[in-house]
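Enquirer: Please construct the entire structure, taking both the sequences and the accompanying hints into account.
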Amino acid sequence: MALSPRIRTQVQVMFFDTDCGGVVSNIAYLRFVEIVRTLLAEELGLALTEMAESRRYPVVVRTEIDYRRAARLGDQLVIEGWLDRVERVRFWCSFQITRPKDNTLIAQCRQMLALIEIPEGKLLRLPEHWEKYQIEDSAKTEREWQAPISGKERIQ
5 MALSPRIRTQ
15 VQVMFFDTDC
25 GGVVSNIAYL
35 RFVEIVRTLL
45 AEELGLALTE
55 MAESRRYPVV
65 VRTEIDYRRA
75 ARLGDQLVIE
85 GWLDRVERVR
95 FWCSFQITRP
105 KDNTLIAQCR
115 QMLALIEIPE
125 GKLLRLPEHW
135 EKYQIEDSAK
145 TEREWQAPIS
155 GKERIQ
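Taking the working numbering, the leading residue of the sequence shown gets 5, the next gets one more, and so forth.
Calculated from the structure, these hints are not laboratory results. Quick reminder that beta carbons are idealized off the backbone N, C-alpha and C, glycines included. Take the hints with a grain of salt, since some may be wrong.
[What the hints assert, rightly or not] Estimated spans, in silico, between C-beta atoms of each pair:
| # | residue 1 | residue 2 | range |
| --- | --- | --- | --- |
| 1 | I39 | R59 | 18 to 24 Å |
| 2 | Q16 | E132 | 36 to 42 Å |
| 3 | Q14 | E135 | 29 to 35 Å |
| 4 | E135 | G78 | 39 to 45 Å |
| 5 | V63 | G26 | 30 to 36 Å |
| 6 | E91 | G125 | 17 to 23 Å |
Expert: Written as structure tokens, this is what we have:
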């Protein structure tokens, strides 16, 4: 089993991410996750231009998010994402959002996705080269989701 790619990026909380009290809106966290998921897809061989040409897209089927602490206007946040679990036709990505200035865990998220051919809506098998990322021990996967990540910008 190969280590799955991990992506790490930073965002600064902007006015449009917040409510009138300067607290990040729950929908903004999903936009942060979308940024990392797109970078992760490219790392896995699903570049945006290739997806558009092949009409094969990873589609979110389920999102689970736990909000731990509030982020506020002007905060610098680190968003980390990794391929968590691979099955035949679906896969899970996990994400963690932290505020490094005080080492605070802001949110954790998991998303289940499937590879779909558009516009037919045809469910596709995942790429064969992803088999190297399969994890048999789902309890291990759950523990890893709960543990904080630290490290380089892109960890292979």
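Enquirer: All hints, please: hold or fail.
Expert: Here is what the structure says about each hint:
1. I39 to R59: 18 to 24 Å: At 23 Å between Cβs, range holds.
2. Q16 to E132: 36 to 42 Å: Since Q16 and E132 have Cβ atoms about 39 Å apart, the given range 36 to 42 Å holds.
3. Q14 to E135: 29 to 35 Å: 32 Å, holds
4. E135 to G78: 39 to 45 Å: 43 Å, holds
5. V63 to G26: 30 to 36 Å: 33 Å, holds
6. E91 to G125: 17 to 23 Å: 19 Å, holds
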